[in-house]
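The residues making up each chain are set out below.
2 protein chains.
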Amino acid sequence: MNAELIAVGSELLLGQIANTNAQFISEQLAQLGINVFYHTVVGDNKERLSSAIKIAESRSDMIIFTGGLGPTKDDLTKETISRELGRKLVVDQEALNSILSFFEKTGRVMTENNRKQALIIEGSTSLPNHHGMAPGMLIEIKNKTYILLPGPPNEMKPMFVNAAVPLLAKVQTNPLHSRVLRFFGIGESALETKLMDLIDTQSNPTIAPLAKESEVTIRLTATHEKKDMAKQLLDDIEEKISLRVGDYLYGYDEQSLPEVVFCLLKKHQKTMAFAESLTGGLASQLMTDIPGASEVFKGSIVSYTNEVKSEVLGVPTQILETYGAVSAECAKYMAKNSQSKCKATIGLSFTGVAGPDKSENKEVGTVFIGLADGQNVYSFPYQFSGTRSRIRLQSAKTGYDLVRRYFRQLSPFEK
Amino acid sequence: MNAELIAVGSELLLGQIANTNAQFISEQLAQLGINVFYHTVVGDNKERLSSAIKIAESRSDMIIFTGGLGPTKDDLTKETISRELGRKLVVDQEALNSILSFFEKTGRVMTENNRKQALIIEGSTSLPNHHGMAPGMLIEIKNKTYILLPGPPNEMKPMFVNAAVPLLAKVQTNPLHSRVLRFFGIGESALETKLMDLIDTQSNPTIAPLAKESEVTIRLTATHEKKDMAKQLLDDIEEKISLRVGDYLYGYDEQSLPEVVFCLLKKHQKTMAFAESLTGGLASQLMTDIPGASEVFKGSIVSYTNEVKSEVLGVPTQILETYGAVSAECAKYMAKNSQSKCKATIGLSFTGVAGPDKSENKEVGTVFIGLADGQNVYSFPYQFSGTRSRIRLQSAKTGYDLVRRYFRQLSPFEK
Numbered sequence: 050m051n052a053e054l055i056a057v058g059s060e061l062l063l064g065q066i067a068n069t070n071a072q073f074i075s076e077q078l079a080q081l082g083i084n085v086f087y088h089t090v091v092g093d094n095k096e097r098l099s100s101a102i103k104i105a106e107s108r109s110d111m112i113i114f115t116g117g118l119g120p121t122k123d124d125l126t127k128e129t130i131s132r133e134l135g136r137k138l139v140v141d142q143e144a145l146n147s148i149l150s151f152f153e154k155t156g157r158v159m160t161e162n163n164r165k166q167a168l169i170i171e172g173s174t175s176l177p178n179h180h181g182m183a184p185g186m187l188i189e190i191k192n193k194t195y196i197l198l199p200g201p202p203n204e205m206k207p208m209f210v211n212a213a214v215p216l217l218a219k220v221q222t223n224p225l226h227s228r229v230l231r232f233f234g235i236g237e238s239a240l241e242t243k244l245m246d247l248i249d250t251q252s253n254p255t256i257a258p259l260a261k262e263s264e265v266t267i268r269l270t271a272t273h274e275k276k277d278m279a280k281q282l283l284d285d286i287e288e289k290i291s292l293r294v295g296d297y298l299y300g301y302d303e304q305s306l307p308e309v310v311f312c313l314l315k316k317h318q319k320t321m322a323f324a325e326s327l328t329g330g331l332a333s334q335l336m337t338d339i340p341g342a343s344e345v346f347k348g349s350i351v352s353y354t355n356e357v358k359s360e361v362l363g364v365p366t367q368i369l370e371t372y373g374a375v376s377a378e379c380a381k382y383m384a385k386n387s388q389s390k391c392k393a394t395i396g397l398s399f400t401g402v403a404g405p406d407k408s409e410n411k412e413v414g415t416v417f418i419g420l421a422d423g424q425n426v427y428s429f430p431y432q433f434s435g436t437r438s439r440i441r442l443q444s445a446k447t448g449y450d451l452v453r454r455y456f457r458q459l460s461p462f463e464k
Numbered sequence: 050m051n052a053e054l055i056a057v058g059s060e061l062l063l064g065q066i067a068n069t070n071a072q073f074i075s076e077q078l079a080q081l082g083i084n085v086f087y088h089t090v091v092g093d094n095k096e097r098l099s100s101a102i103k104i105a106e107s108r109s110d111m112i113i114f115t116g117g118l119g120p121t122k123d124d125l126t127k128e129t130i131s132r133e134l135g136r137k138l139v140v141d142q143e144a145l146n147s148i149l150s151f152f153e154k155t156g157r158v159m160t161e162n163n164r165k166q167a168l169i170i171e172g173s174t175s176l177p178n179h180h181g182m183a184p185g186m187l188i189e190i191k192n193k194t195y196i197l198l199p200g201p202p203n204e205m206k207p208m209f210v211n212a213a214v215p216l217l218a219k220v221q222t223n224p225l226h227s228r229v230l231r232f233f234g235i236g237e238s239a240l241e242t243k244l245m246d247l248i249d250t251q252s253n254p255t256i257a258p259l260a261k262e263s264e265v266t267i268r269l270t271a272t273h274e275k276k277d278m279a280k281q282l283l284d285d286i287e288e289k290i291s292l293r294v295g296d297y298l299y300g301y302d303e304q305s306l307p308e309v310v311f312c313l314l315k316k317h318q319k320t321m322a323f324a325e326s327l328t329g330g331l332a333s334q335l336m337t338d339i340p341g342a343s344e345v346f347k348g349s350i351v352s353y354t355n356e357v358k359s360e361v362l363g364v365p366t367q368i369l370e371t372y373g374a375v376s377a378e379c380a381k382y383m384a385k386n387s388q389s390k391c392k393a394t395i396g397l398s399f400t401g402v403a404g405p406d407k408s409e410n411k412e413v414g415t416v417f418i419g420l421a422d423g424q425n426v427y428s429f430p431y432q433f434s435g436t437r438s439r440i441r442l443q444s445a446k447t448g449y450d451l452v453r454r455y456f457r458q459l460s461p462f463e464k
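Chains as they are written, first to last, in this note's numbering: chain A, 50 to 464; chain B, 50 to 464.
Isolated chain A (complex conformation) (with noise of 0.2 angstroms):
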């Protein structure tokens, strides 16, 4: 089974926003084991649509639109594959009550495009729509797969997962199981020649690695009817990778760097706190954008002068002036001194030359952490590069990585 996906709206081909929406049901697609061999995207144009329609049919058994369900003149999704389909647009009750029941419950004035709305194709199965007035479809015609989705991705997103994946996974017989392993610290060449050989003869599960932004990422993935035996193909390969590389491996799938540690924080009932300078609120900013954050994080000061890491910190200007403001010693007192000022049990911080100039005539990418746990206090020089942002990136990453790294006694923090 291949599909295709086609996305409707103007919006794409002007560049006003990505088809992140492909992306999205990429995804899910190819962990139900779907091959996706085409995007496309087109324009609110009739004459199009119907070409791209025609296309896709020829070369796809999947169809999957999104955008253009809406209630303007725009819209015509729906429209252009009832012609292309041979069939009607059909009132879809439910959707019509829940459309009138919003516009009594808001007191808002319905007009009578939103009536268009509730329309579906003749014969489809309407997907409710929790966060949207304009409910999405699945139709089944001479062996070709039609689905239509809202383009709002709030919309398309749920609709999707509950809507749609539980009518297209009872069509997989061999589904496949995906497994993502995130590693920091590593680069992908370094990776690749470690696990060389596992790659050179993979087949079942497929291994395949990604550069992502200052990480690798590298997607397992098992093909097999039965889940449980799935699960032990990943967790096998996954052992023999381990062996090699598992001090780089922090996380799982979506999992990030911070909800990591946050993770670790909370298993060892230790909080945080952060001292920034180049970084800036960046470290803090991670952290807090957890939901219960709060249970491990007190607060962090972001110390972009030297009068506000001597005054509000508490850094002797002596260090500052002897050492400058980028370097280990300002780091350690740094750590030091958010843990205890804060009341934190672990206290991080970060100091250096995010650019694009140089500063105290120390190099771009010039970049101390300092790691202080109330016994003891650690500094570690860096040499990052890249933009401003990548190094203040890559330098908030590091130190929640070292943060990973003292939490499971890897390096350089080895008992």
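In case anyone wonders, no lab produced these hints; they're calculated from the structure.
Just so we're clear, the structure is a prediction, and the values are computed from it rather than from any experiment.
It cannot be assumed that every hint is accurate.
Which copy? The list can't say, so a pair holds if one copy fits it or any two copies do.
Lysine-lysine pairs mimicking DSSO-like chemistry, simulated, CA-CA at most 27 angstroms apart [what the hints assert, rightly or not]:
(1) K407 to K319
(2) K289 to K122
(3) K95 to K193
(4) K206 to K280
(5) K316 to K464
(6) K193 to K206
(7) K261 to K206
(8) K103 to K193
(9) K392 to K464
(10) K316 to K407
(11) K154 to K261
(12) K407 to K392
(13) K407 to K315
(14) K315 to K411
Start from chain A and add chain B according to the hints.
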């Protein structure tokens, strides 16, 4: 002239990344007045790529490819196109020299497949790659233009802007000139209502509103062969719009609210500090993302617990006990003390409930923002909605907008 974009790469069809290259190129082409009618994504597969090329040739004047120019076996874009066009691949000596010198400089051994990257289609103009090894190319055959670009965005974007756009701009006779107006604090429908008659009678320039994350933009697009006449058309319509909703207009094109505030602070020779609770470092991070932020930004105290609020930031415990941390009174102290402790001219504070759970028995989305300028201390209440991320971002942006309004003496700071 109409264009089609073909992205080549199985990672796109697996949903590992989104096709942001298509968004970037589409936006650039829109500015050049080149219509984009289709985006296609196809995997690393010769037959399917060949068929996508044939379809594109049947309907588009210009085909722009991204991806598949690298050294590995997967990279087959230029080989496939050269076969479709019946043209040989030849060595681009300049590209080869730069590849050789890269390996010489880094002391790494060049594998033979790297030499492949220096091949270009015979008769094409090579587009130099200053951020990677594989050059791009542009070739015109039988009134069709083919452009090949590398896949990594950090290589593709500068190549497209610096090498491809100048070649394309020559071709266009009646180019489009765009200007994006950026609004904060007004919803899309309210904005449309105020501009309804202008939108209904638009012709040249066109007026296209778009809701972005907690902002609205209006893209004005004028067609004129003369640049200064197009500019006049844009100025005239912008003036009409400004008369009605100018208070909400904070910037242009790619400007962000923090950038606008950064410029205002520099212009007025003022400095800023933050005290962040629910935003947890986000406001600071947005400011320090700007190169040169240290000119205007002193630092901030991320006080995620009441302990840090009282002991580091100096909010009286009596205030915390009487009114709670999520209160106008606390926001005022936070703003005042961040300003004085960090020795800034303006202190801005954020306290509230980001969710997912209530706090201090206050609803999710309850937010207070404080502003202190050394003389006056203000505090403003808000009720935001949506996810945790959205509430945090909306809070940070609203704070920046308050500072903008403060300098511009707009409501609530009218003199």
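Checked hints:
| no. | hint | verdict |
| --- | --- | --- |
| 1 | K407 to K319 | between (36 angstroms within a copy, 24 angstroms between copies) |
| 2 | K289 to K122 | between (57 angstroms within a copy, 26 angstroms between copies) |
| 3 | K95 to K193 | both (21 angstroms within a copy, 25 angstroms between copies) |
| 4 | K206 to K280 | within (26 angstroms within a copy, 41 angstroms between copies) |
| 5 | K316 to K464 | within (20 angstroms within a copy, 54 angstroms between copies) |
| 6 | K193 to K206 | within (22 angstroms within a copy, 38 angstroms between copies) |
| 7 | K261 to K206 | both (23 angstroms within a copy, 18 angstroms between copies) |
| 8 | K103 to K193 | both (12 angstroms within a copy, 24 angstroms between copies) |
| 9 | K392 to K464 | within (26 angstroms within a copy, 43 angstroms between copies) |
| 10 | K316 to K407 | between (40 angstroms within a copy, 24 angstroms between copies) |
| 11 | K154 to K261 | between (45 angstroms within a copy, 25 angstroms between copies) |
| 12 | K407 to K392 | between (34 angstroms within a copy, 25 angstroms between copies) |
| 13 | K407 to K315 | between (39 angstroms within a copy, 21 angstroms between copies) |
| 14 | K315 to K411 | between (37 angstroms within a copy, 25 angstroms between copies) |
In terms of the numbered hints stated before, the structure departs from none.
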